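Here is how the chains run, residue by residue.
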Amino acid sequence: MPILYGANPTWADVTPVPQEDGGPHPLAAIAYAEEYSEAMGYLRAVMAANEYSQRVLGLTEHIISLNPAHYTVWLYRAKVLDQIGANLADEISWLNPTALQHLKNYQIWHHRQTIIDKLGSPEGEGPFISTMLEQDSKNYHVWSYRQWLVKRFDLFDEAELAWTESMIEADARNNSAWNHRWFLVVGRKGGQALEESIVDREIQYAKAAIRKAPQNQSPWNYLGGVVRRAQLPASSLKDFVLEFADLDEPDKVFSSHALDLLADIYTQDEDKKDEARKALDLLAVKYDPIRAHYWNYRKGLLDSSPAAQQIA
Amino acid sequence: MSLVSGPGRAGMADTPVELQLFVDKHVRYIQSLDTRKDELEYWLTEHLRLNGLYWGITALHLLGQPDALPRQGIIDFLLSCLHGNGGFGAAPGHDAHMLYTVSAVQILATLDAFDEFEERIKGGRKRIGQYIADLQDRETGTFAGDEWGERDTRFLYGALNALSLMGLLHLVDVEKAVEHVHSCANFDGGYGTRPGSESHAGQVFTCVGALTIAGRLDLVDQAKLGAWLSERQLKNGGLNGRPEKKEDVCYSWWVMSSLAMLNKLHWIDGEKLTAFILQCQDPEGGGLADRPGDMVDVFHTVFGIAGLSLLKYPGLQEVDPVYCMPRAVTKRCLGK
Numbered sequence: 001m002p003i004l005y006g007a008n009p010t011w012a013d014v015t016p017v018p019q020e021d022g023g024p025h026p027l028a029a030i031a032y033a034e035e036y037s038e039a040m041g042y043l044r045a046v047m048a049a050n051e052y053s054q055r056v057l058g059l060t061e062h063i064i065s066l067n068p069a070h071y072t073v074w075l076y077r078a079k080v081l082d083q084i085g086a087n088l089a090d091e092i093s094w095l096n097p098t099a100l101q102h103l104k105n106y107q108i109w110h111h112r113q114t115i116i117d118k119l120g121s122p123e124g125e126g127p128f129i130s131t132m133l134e135q136d137s138k139n140y141h142v143w144s145y146r147q148w149l150v151k152r153f154d155l156f157d158e159a160e161l162a163w164t165e166s167m168i169e170a171d172a173r174n175n176s177a178w179n180h181r182w183f184l185v186v187g188r189k190g191g192q193a194l195e196e197s198i199v200d201r202e203i204q205y206a207k208a209a210i211r212k213a214p215q216n217q218s219p220w221n222y223l224g225g226v227v228r229r230a231q232l233p234a235s236s237l238k239d240f241v242l243e244f245a246d247l248d249e250p251d252k253v254f255s256s257h258a259l260d261l262l263a264d265i266y267t268q269d270e271d272k273k274d275e276a277r278k279a280l281d282l283l284a285v286k287y288d289p290i291r292a293h294y295w296n297y298r299k300g301l302l303d304s305s306p307a308a309q310q311i312a
Numbered sequence: 001m002s003l004v005s006g007p008g009r010a011g012m013a014d015t016p017v018e019l020q021l022f023v024d025k026h027v028r029y030i031q032s033l034d035t036r037k038d039e040l041e042y043w044l045t046e047h048l049r050l051n052g053l054y055w056g057i058t059a060l061h062l063l064g065q066p067d068a069l070p071r072q073g074i075i076d077f078l079l080s081c082l083h084g085n086g087g088f089g090a091a092p093g094h095d096a097h098m099l100y101t102v103s104a105v106q107i108l109a110t111l112d113a114f115d116e117f118e119e120r121i122k123g124g125r126k127r128i129g130q131y132i133a134d135l136q137d138r139e140t141g142t143f144a145g146d147e148w149g150e151r152d153t154r155f156l157y158g159a160l161n162a163l164s165l166m167g168l169l170h171l172v173d174v175e176k177a178v179e180h181v182h183s184c185a186n187f188d189g190g191y192g193t194r195p196g197s198e199s200h201a202g203q204v205f206t207c208v209g210a211l212t213i214a215g216r217l218d219l220v221d222q223a224k225l226g227a228w229l230s231e232r233q234l235k236n237g238g239l240n241g242r243p244e245k246k247e248d249v250c251y252s253w254w255v256m257s258s259l260a261m262l263n264k265l266h267w268i269d270g271e272k273l274t275a276f277i278l279q280c281q282d283p284e285g286g287g288l289a290d291r292p293g294d295m296v297d298v299f300h301t302v303f304g305i306a307g308l309s310l311l312k313y314p315g316l317q318e319v320d321p322v323y324c325m326p327r328a329v330t331k332r333c334l335g336k
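Protein chains in written order, with full-length UniProt numbering: chain A, 1 to 312; chain B, 1 to 336.
Just so you know, these hints were derived from the structure itself, not from any lab. Careful: at least some of the hints might be erroneous.
Unchecked claim - The calculated lysine to aspartate or glutamate pairs, modelled on DMTMM-like cross-linking and capped at a C-alpha distance of 20 Å, are:
id: 1; chain 1: A; residue 1: K207; chain 2: A; residue 2: E196
id: 2; chain 1: B; residue 1: K25; chain 2: B; residue 2: D269
id: 3; chain 1: A; residue 1: K104; chain 2: B; residue 2: E244
id: 4; chain 1: A; residue 1: K212; chain 2: B; residue 2: E244
id: 5; chain 1: B; residue 1: K246; chain 2: A; residue 2: D136
id: 6; chain 1: B; residue 1: K37; chain 2: A; residue 2: E134
id: 7; chain 1: A; residue 1: K79; chain 2: B; residue 2: E150
id: 8; chain 1: A; residue 1: K286; chain 2: B; residue 2: D269
id: 9; chain 1: A; residue 1: K151; chain 2: A; residue 2: D171
id: 10; chain 1: A; residue 1: K104; chain 2: B; residue 2: D248
id: 11; chain 1: A; residue 1: K151; chain 2: B; residue 2: E150
id: 12; chain 1: A; residue 1: K118; chain 2: B; residue 2: E147
id: 13; chain 1: A; residue 1: K138; chain 2: A; residue 2: E165
id: 14; chain 1: A; residue 1: K212; chain 2: A; residue 2: D171
id: 15; chain 1: B; residue 1: K246; chain 2: A; residue 2: E134
To be verified - According to the in silico footprint, chain A covers these stretches of chain B (three or more CB under 8 Å from chain A):
id: 16; stretch: 133-140
id: 17; stretch: 197-205
To be verified - One side only, chain B facing chain A, incomplete, derived with CB under 10 Å:
id: 18; residue: G93
id: 19; residue: H97
id: 20; residue: E118
id: 21; residue: G149
id: 22; residue: H182
id: 23; residue: E231
id: 24; residue: K235
Since we're looking at a predicted model, the values are computed, not measured. Every residue gets a Cβ at the ideal spot worked out from N, C-alpha and C, and that includes glycine.
Whole structure, please, built from the sequences with the hints as guidance.
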């Protein structure tokens with residue numbers, strides 16, 4: 001049932017401002033949905049009068065329910081909350097179901113961040129985020145918001161790491177979860193060296209995930225990242241890589257990513273150029289032909305200067 | 001420009017690959033968007049109107065039909081979105097925001113209308129430049145989208161894009177902006193919205209674009225990023241935006257333009273990608289969709305066509321990978 005502001009005595013003092021259309025074609029009579037049109041007319045009027053009140057809060061809530069991507073409405077709502085000293089916990093309770101209804105909405109997250117920042121506590125945010133990720137486990141806005149929360153409230157702890165592991169366990173192909181792990185373990189260190197025990201733990205963790213699904217890109221990227229960050233040679237991964245790609249058994253390659261890394265390890269070894277070439281040929285012809293040009297480019301580097309050979 | 005999706009759908013994946021680009025159909029599709037004011041979605045997408053206009057105009061120019069929309073009407077509409085502070089809103093009555101301001105500048109550039117704009121709004125260009133410059137955080141080099149302060153590498157790229165087109169880059173601290181972009185580089189070679197954010201092909205485009213405008217591609221681990229970008233191609237020829245995600249026509253643009261800026265466009269299979277983009281057309285009503293079988297819209301239409309232009313599809317105007325505008329236009333503005 002549409003809310004008709006014109007018939008509501010609470011709004012009798014407001015004259016709605018009609019749509020001003022500056023477009024190339026003058027706005028003729030249109031079948032603009034009555035409900036949205038009327039609500040917007042009242043919003044334009046209260047914005048012009050700088051009205052901040054409980055009823056405007058209700059009006060913005062109504063418009064957001066009709067069109068959550070309208071950024072001006074969100075901004076005005078934030079202003080109203082601020083001006084009338086609204087209860088921010090109530091705002092979060094209202095935001096939760098709204099966010100669930102509009103998973104791809106952008107504005108909602110910035111709004112939430114502003115409110116939680118003012119509230120000064122991350123309480124309840126963990127469960128809420130989990131509910132959101134149940135709908136779409138790779139939602140970029142949600143993961144960005146989680147990072148902000150971790151930074152804002154200094155949540156770089158074991159519980160956060162355990163939660164991230166549970167996300168990776170639920171879906172090892174969730175690249176967002178892998179990125180969050182990097183953010184927690186490595187990113188927080190800035191330029192500082194990583195403890196050896198952490199490096200070992202991370203390498204073992206990525207290896208275990210790869211053994212479960214050898215063609216999964218995310219843990220390979222992670223493994224390579226950790227090895228580079230710890231300044232270990234790529235060749236330290238050779239035995240592991242051979243589990244999935246061995247040139248002696250070219251028909252039994254279980255992972256193009258392993259073959260890629262193997263090619264890289266051989267490239268850096270002066271005596272193994274032929275092996276490197278063979279691995280890259282296998283990629284170009286058999287295991288990843290869609291990127292043949294890229295693999296052939298890598299092959300071309302084999303004959304150039306050693307400095308140009310540092311791919312990884 | 002309406003952001004209404006449909007009414008048509010892209011062909012199905014089994015459409016023959018010898019498909020052609022239906023230029024006339026796409027032109028008519030874009031022209032028709034502004035006549036759909038009787039649909040609720042037209043009004044619900046009002047907050048994107050100025051972006052939509054930029055997408056539509058750019059597509060038409062790349063299709064070689066620059067006069068398919070009325071120039072004067074477009075300029076009048078732009079002016080009706082301009083705020084006193086030099087920023088543009090998405091439509092009349094909407095708050096000013098970086099994203100719409102950038103679209104407005106790109107449209108003015110494409111229509112070669114800066115002088116006309118200046119005649120109607122004295123000192124207008126300078127005012128736009130100042131609006132953008134004031135959104136920079138001089139401590140961190142980042143840019144906010146509006147006075148409310150959300151920060152994202154998209155805004156930073158947009159700022160450098162618009163300012164460079166107007167010859168006003170000196171209004172901001174480019175060096176600081178570059179430092180910030182560099183701090184968004186990730187372990188996999190890609191870039192995200194903020195330091196630590198997951199790599200995403202759209203954000204890679206904004207970061208590599210910003211660094212290209214600033215002349216600092218030397219900061220990019222080009223082999224690593226190029227490998228990550230080329231890894232976005234899937235067996236069906238389409239490109240995705242992140243590992244283990246689905247293909248989508250708009251990534252034809254974000255991924256390919258980034259590869260083009262790094263001179264590595266040949267690292268992906270252009271023929272397969274061309275076939276994939278062509279399958280995303282609605283062969284009857286015009287327009288392109290994110291993938292075969294889905295509803296078409298102007299956003300996927302422009303990025304599909306721009307992608308085909310990078311792939312040197314015959315008959316299309318050359319696109320500038322840094323700006324997503326006709327190369328002839330950026331040459332005129334930048335003098336190079």
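A quick look at each hint next to the structure:
As the CA atoms of A/K207 and A/E196 are separated by approximately 16 Å, the hinted pair is consistent with the 20 Å bound. Of the pairs offered as hints, the one joining B/K25 and B/D269 is violated, with about 27 Å between alpha carbons and a cut-off of 20 Å exceeded. Of the pairs offered as hints, the one joining A/K104 and B/E244 holds, with about 19 Å between alpha carbons and a cut-off of 20 Å not exceeded. Distance restraint check for A/K212 and B/E244: the Cα-Cα separation of roughly 16 Å lies within the 20 Å cut-off, and the hinted pair is therefore satisfied.
Among the hinted pairs, B/K246 with A/D136 is consistent with the structure: their alpha-carbon atoms are about 13 Å apart, no more than 20 Å. About 37 Å separates the Cα atoms of B/K37 and A/E134, which puts this hinted pair outside 20 Å; it is violated. Under the criterion of a C-alpha separation no larger than 20 Å, the hint pairing A/K79 with B/E150 is consistent with the structure, at around 15 Å. Straight-line distance between C-alpha atoms of A/K286 and B/D269 comes to about 15 Å, which keeps the hinted pair within the 20 Å bound.
Taken as a hint, the A/K151 and A/D171 pair is broken in the structure, with Cα atoms around 25 Å apart against an allowance of 20 Å. At roughly 16 Å between alpha-carbon atoms, A/K104 and B/D248 fall within 20 Å of each other, so this suggested pair holds. For the hint linking A/K151 to B/E150, the alpha-carbon distance of about 16 Å falls within 20 Å, and the restraint holds. The suggested pairing of A/K118 with B/E147 holds, with an alpha-carbon distance near 18 Å, which does not exceed 20 Å.
Taking the CA atoms of A/K138 and A/E165, the gap is about 15 Å. The hint holds against a cut of 20 Å. Straight-line distance between C-alpha atoms of A/K212 and A/D171 comes to about 11 Å, which keeps the hinted pair within the 20 Å bound. Distance restraint check for B/K246 and A/E134: the Cα-Cα separation of roughly 18 Å lies within the 20 Å cut-off, and the hinted pair is therefore satisfied. Beta-carbon proximity to chain A at under 8 Å applies to 0 residues in the stretch 133-140 of chain B; the threshold of 3 is not reached and the given coverage is violated.
Residues of the stretch 197-205 of chain B with a Cβ under 8 Å from some Cβ of chain A number 4, which satisfies the need for three, so the listed coverage holds. For B/G93, the interface hint holds, since its Cβ comes within 10 Å of a Cβ in chain A; the closest pair sits about 6 Å apart. Interface restraint check for B/H97: the shortest CB-CB distance to chain A comes to about 7 Å, inside 10 Å, so the restraint holds. Taking 10 Å as the C-beta contact cut-off toward chain A, the hint placing B/E118 at the interface is violated, the least distance being around 19 Å.
Here the hint on B/G149 is kept, as its CB sits about 9 Å from the closest CB of chain A, short of 10 Å. The criterion of a C-beta within 10 Å of any C-beta in chain A is not met by B/H182, whose closest approach is roughly 13 Å, and the hint is violated. Below 10 Å, beta-carbon pairs count as interface contacts, and B/E231 has one with chain A at about 7 Å; its hint therefore holds. Taken as an interface hint, B/K235 checks out: its beta carbon lies about 6 Å from the nearest beta carbon of chain A, inside 10 Å.
The earlier numbered hints that this structure contradicts are 2, 6, 9, 16, 20 and 22.
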